[in-house]
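My request is simple: use the sequences and hints to build the entire structure.
2 protein chains.
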Amino acid sequence: MSRIVQKYGGTSVGDVERIKNVALRIKAFREEGHELVVVVSARSGVTNELIARAQAVCANPSEREMDQLLAIGEQETIALTAMALHGVGVDAVSYTGAQAGIFTDTVHTKAKIKTINAQPLEKDLKAGRVIIVAGFQGINEDGQITTLGRGGSDLTAIALAAALKADKCEIYTDVDGVYTADPRVVKTARKLDEISYDEMLELASSGSKVMQSRSVEFAAKYGVVFEVRSSFNHNPGTIVKQEVAYMEKVAVRGVAVDKDQAKVVVSNLPDQPGTAAKVFRALADASIIVDMIVQNVGHAGVANLTFTVPLTDTAKAKKSLEPVLAKLGGGQVAVSEGIAKLSVVGVGMKTHSGVAATLFQALADAGVNIEMISTSEIKISVIIDKARADEAARVAHAAFGLG
Amino acid sequence: MSRIVQKYGGTSVGDVERIKNVALRIKAFREEGHELVVVVSARSGVTNELIARAQAVCANPSEREMDQLLAIGEQETIALTAMALHGVGVDAVSYTGAQAGIFTDTVHTKAKIKTINAQPLEKDLKAGRVIIVAGFQGINEDGQITTLGRGGSDLTAIALAAALKADKCEIYTDVDGVYTADPRVVKTARKLDEISYDEMLELASSGSKVMQSRSVEFAAKYGVVFEVRSSFNHNPGTIVKQEVAYMEKVAVRGVAVDKDQAKVVVSNLPDQPGTAAKVFRALADASIIVDMIVQNVGHAGVANLTFTVPLTDTAKAKKSLEPVLAKLGGGQVAVSEGIAKLSVVGVGMKTHSGVAATLFQALADAGVNIEMISTSEIKISVIIDKARADEAARVAHAAFGLG
Numbered sequence: 105m106s107r108i109v110q111k112y113g114g115t116s117v118g119d120v121e122r123i124k125n126v127a128l129r130i131k132a133f134r135e136e137g138h139e140l141v142v143v144v145s146a147r148s149g150v151t152n153e154l155i156a157r158a159q160a161v162c163a164n165p166s167e168r169e170m171d172q173l174l175a176i177g178e179q180e181t182i183a184l185t186a187m188a189l190h191g192v193g194v195d196a197v198s199y200t201g202a203q204a205g206i207f208t209d210t211v212h213t214k215a216k217i218k219t220i221n222a223q224p225l226e227k228d229l230k231a232g233r234v235i236i237v238a239g240f241q242g243i244n245e246d247g248q249i250t251t252l253g254r255g256g257s258d259l260t261a262i263a264l265a266a267a268l269k270a271d272k273c274e275i276y277t278d279v280d281g282v283y284t285a286d287p288r289v290v291k292t293a294r295k296l297d298e299i300s301y302d303e304m305l306e307l308a309s310s311g312s313k314v315m316q317s318r319s320v321e322f323a324a325k326y327g328v329v330f331e332v333r334s335s336f337n338h339n340p341g342t343i344v345k346q347e348v349a350y351m352e353k354v355a356v357r358g359v360a361v362d363k364d365q366a367k368v369v370v371s372n373l374p375d376q377p378g379t380a381a382k383v384f385r386a387l388a389d390a391s392i393i394v395d396m397i398v399q400n401v402g403h404a405g406v407a408n409l410t411f412t413v414p415l416t417d418t419a420k421a422k423k424s425l426e427p428v429l430a431k432l433g434g435g436q437v438a439v440s441e442g443i444a445k446l447s448v449v450g451v452g453m454k455t456h457s458g459v460a461a462t463l464f465q466a467l468a469d470a471g472v473n474i475e476m477i478s479t480s481e482i483k484i485s486v487i488i489d490k491a492r493a494d495e496a497a498r499v500a501h502a503a504f505g506l507g
Numbered sequence: 105m106s107r108i109v110q111k112y113g114g115t116s117v118g119d120v121e122r123i124k125n126v127a128l129r130i131k132a133f134r135e136e137g138h139e140l141v142v143v144v145s146a147r148s149g150v151t152n153e154l155i156a157r158a159q160a161v162c163a164n165p166s167e168r169e170m171d172q173l174l175a176i177g178e179q180e181t182i183a184l185t186a187m188a189l190h191g192v193g194v195d196a197v198s199y200t201g202a203q204a205g206i207f208t209d210t211v212h213t214k215a216k217i218k219t220i221n222a223q224p225l226e227k228d229l230k231a232g233r234v235i236i237v238a239g240f241q242g243i244n245e246d247g248q249i250t251t252l253g254r255g256g257s258d259l260t261a262i263a264l265a266a267a268l269k270a271d272k273c274e275i276y277t278d279v280d281g282v283y284t285a286d287p288r289v290v291k292t293a294r295k296l297d298e299i300s301y302d303e304m305l306e307l308a309s310s311g312s313k314v315m316q317s318r319s320v321e322f323a324a325k326y327g328v329v330f331e332v333r334s335s336f337n338h339n340p341g342t343i344v345k346q347e348v349a350y351m352e353k354v355a356v357r358g359v360a361v362d363k364d365q366a367k368v369v370v371s372n373l374p375d376q377p378g379t380a381a382k383v384f385r386a387l388a389d390a391s392i393i394v395d396m397i398v399q400n401v402g403h404a405g406v407a408n409l410t411f412t413v414p415l416t417d418t419a420k421a422k423k424s425l426e427p428v429l430a431k432l433g434g435g436q437v438a439v440s441e442g443i444a445k446l447s448v449v450g451v452g453m454k455t456h457s458g459v460a461a462t463l464f465q466a467l468a469d470a471g472v473n474i475e476m477i478s479t480s481e482i483k484i485s486v487i488i489d490k491a492r493a494d495e496a497a498r499v500a501h502a503a504f505g506l507g
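Taken in sequence, the protein lines are chains A and B. Going from the first sequence to the numbering used here is simple: count from 1 and add 104. Going from the second sequence to the numbering used here is simple: count from 1 and add 104.
If you are wondering where the hints come from, they were derived from the structure by calculation, not from laboratory data. Honestly, I wouldn't trust all of these hints.
Note: identical chains are not told apart, hence a pair may lie in one copy or across any two.
[Claimed, not checked] Computed list of lysine-lysine pairs in DSS-like fashion (alpha-carbon distance at most 30 Å, straight line):
#1 K124 with K423
#2 K124 with K420
#3 K216 with K227
#4 K227 with K431
#5 K382 with K363
#6 K272 with K218
#7 K230 with K313
#8 K454 with K345
#9 K420 with K295
#10 K230 with K214
#11 K353 with K216
Structure (structure tokens):
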């Protein structure tokens with residue numbers, strides 16, 4: 105008997121038929137004698153419907169009320185999933201984030217999990233019940249409902265796996281696992297059996313849609329081994345863990361493209377100590393996640409800062425920079441939304457030379473212009489024209505022999 | 105400056121346009137300087153949608169999960185209403201039942217309010233915020249979400265008015281107030297300016313759809329004066345309170361028809377002490393509200409019990425009676441759904457004679473057969489053929505000169 109935490113995403117529980125199907129899958133696991141804690145997302149589409157309704161009543165809805173609103177998406181799914189389990193004779197009980205003791209900080213719409221009080225869940229597990237927990241949500245110390253932001257349901261599952269000392273954590277989604285590249289774009293992409301946290305993290309932060317970085321970071325921090333697999337078949341998925349066999353033999357493990365970033369150029373800034381700090385402090389205070397950063401010193405004592413932010417945050421970024429530029433006494437902000445980030449990722453990069461050169465040559469041969477470059481120990485990212493991004497992914501995938 | 109509790113029902117907040125309209129009404133009250141606590145229901149139709157989805161995943165959904173599910177209807181409306189208020193520049197904050205400190209017993213789908221901890225609301229009221237509270241829901245001691253059953257949002261409003269010592273409680277609905285009869289059925293029906301708790305209670309229990317009995321009972325118990333009025337116009341409504349001017353001058357204040365009852369006949373029961381107690385204990389244990397009861401002793405030591413239950417509970421009633429009859433060693437259950445209850449109500453009945461005779465004569469003249477009769481101090485009810493109910497209401501309304 106193992107203790108297993110499973111997470112089913114929005115497409116897996118997209119309608120009543122799919123919820124019934126998930127219930128049958130859970131029943132099969134239960135009949136193997138496992139203790140099961142199941143995290144579910146909102147039905148796919150529901151969150152967007154709620155956001156649309158919010159925007160119809162108020163142009164700029166308060167984040168506190170937005171959380172109060174969005175939390176109902178998962179609350180619907182937990183109740184329906186528990187009922188569907190009852191329908192097939194499985195004892196089950198649903199928990200909202202608050203009921204599951206998931207305490208967060210007070211940052212609405214992007215809250216961080218602080219602690220989990222798993223006592224009530226332990227009691228129901230002992231009683232032989234399958235526990236269904238609402239993903240994506242928690243409660244803060246003031247009793248206000250918070251949501252965890254994008255990918256929040258994965259985070260709920262991994263945090264629960266850590267808190268409950270689960271033997272396994274399975275993230276069920278609509279893809280079979282982690283691929284060397286997006287199979288819709290690169291036909292020769294292969295599914296990986298295993299991947300390290302670091303590689304997964306770099307892939308996630310590079311636009312691989314499988315999981316958000318923070319869930320992987322959380323898993324790495326608490327040593328939660330998890331498997332990404334499909335809820336629509338029974339194929340084995342990709343196991344994500346600390347150490348991967350033959351890790352250093354392969355220089356590049358995958359190629360990822362992120363089309364959801366925008367490039368922000370802040371030009372003609374007074375070139376004085378503390379300028380960059382003020383700019384990025386303002387963005388941090390607005391909870392905007394800045395990705396790549398490049399600074400060039402320009403002519404005549406002015407500096408240019410270039411960085412990327414999520415496409416959805418460009419308006420917020422511009423607005424938060426206005427008072428900073430006014431105080432600094434200079435500078436202009438220009439946003440370019442027609443860009444994409446291409447990244448190649450691999451732990452083996454640490455011990456292989458020439459990875460950057462191979463990538464740049466491959467892109468040059470294909471006539472793809474590089475606008476920005478950023479590297480980490482196990483990743484090289486370039487900003488290129490969004491229109492050329494898919495082609496560039498295929499070229500890079502082939503250049504590193506990933507097919 | 106007054107402290108006002110308002111309640112807006114499902115049709116008043118039926119879509120985003122109506123929610124925005126309610127926000128404008130609230131804004132106008134706020135600008136008069138009042139402290140406002142606003143209780144809202146789920147958008148009309150939402151609760152039925154959720155029930156349909158529940159039944160699609162499970163033939164007989166658990167009541168605990170049903171509450172978990174249904175509570176999201178009001179949670180959506182509170183968030184949207186608070187946002188709509190922000191959109192028109194009014195400071196507002198939403199509260200779920202649990203957040204508003206509405207503690208109930210543990211009877212799912214029909215919970216009773218035990219206590220309200222209004223401290224958090226007082227704080228926000230002092231800060232000048234309009235408070236939006238989810239009607240129909242609460243939380244029990246185990247942290248489980250409960251719902252209050254039909255008419256639960258009215259109950260939330262009246263209980264909050266009592267707990268917060270509000271100066272006024274206004275129940276906004278889709279009708280202008282309480283009428284002498286249903287205006288859709290009886291064209292000459294008039295709106296009443298005032299009505300006593302007792303009369304309102306008898307009207308409510310007699311099928312007048314304006315409000316459920318329990319809310320009126322709660323108001324009577326705690327002396328909460330409330331007004332029933334429309335959210336679609338600015339007409340004054342009907343004030344419900346203890347003492348009504350000239351109360352005893354009018355024998356009959358209104359006529360009500362209830363088509364949502366079924367008649368249950370339990371026949372050939374062994375005529376021994378305790379039989380009726382066993383029958384009604386079984387129904388009470390199944391949380392079925394029994395309305396009219398008539399017992400006839402039959403021939404040869406067997407008894408017949410006739411009573412009415414809500415139409416929605418007929419299957420449950422039959423099921424809960426089976427083991428009782430088995431234990432008693434006899435008896436058959438027959439259900440008749442084609443009936444209606446017609447009631448005439450008035451405090452003045454206490455001091456006027458001949459009310460029953462007038463009613464029976466009027467029905468006899470119209471050829472309407474009476475199947476059961478039940479009377480209280482201020483009400484006379486008869487069970488008649490459902491198909492003749494509207495006609496009977498018009499006849500009774502005219503007979504007592506209510507037009």
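Structure-based check of all given hints:
For the homomeric pair K124 and K423, the shortest alpha-carbon distance between copies (28 Å) is at most 30 Å, but the shortest distance inside one copy (46 Å) is not. For the homomeric pair K124 and K420, the shortest alpha-carbon distance between copies (26 Å) is at most 30 Å, but the shortest distance inside one copy (41 Å) is not. For the homomeric pair K216 and K227, the shortest alpha-carbon distances inside one copy (25 Å) and between copies (27 Å) are both at most 30 Å. Proximity of K227 and K431 under a CA criterion of 30 Å is satisfied in neither setting, with 57 Å inside one chain copy and 37 Å between copies.
When the C-alpha separation of K382 and K363 is checked against a cutoff of 30 Å, the pair qualifies only within one copy, where the shortest distance is 27 Å, while the shortest distance between copies is 70 Å. With identical chains, the CA atoms of K272 and K218 are at most 30 Å apart within one copy only, with a shortest distance of 22 Å there and 42 Å across copies. In this homomeric assembly, K230 and K313 never come within 30 Å of each other (Cα to Cα): the closest approach is 36 Å inside a single copy and 46 Å across copies. In this assembly of identical chains, the alpha carbons of K454 and K345 lie at most 30 Å apart only when taken from the same copy (18 Å versus 81 Å across copies).
In this assembly of identical chains, K420 and K295 lie within 30 Å of each other by CA distance neither inside one copy nor across copies; the values are 37 Å within and 54 Å between. When the C-alpha separation of K230 and K214 is checked against a cutoff of 30 Å, the pair qualifies only between copies, where the shortest distance is 29 Å, while the shortest distance within a copy is 33 Å. In this assembly of identical chains, the alpha carbons of K353 and K216 never lie at most 30 Å apart, being 36 Å within a copy and 66 Å across copies at closest.
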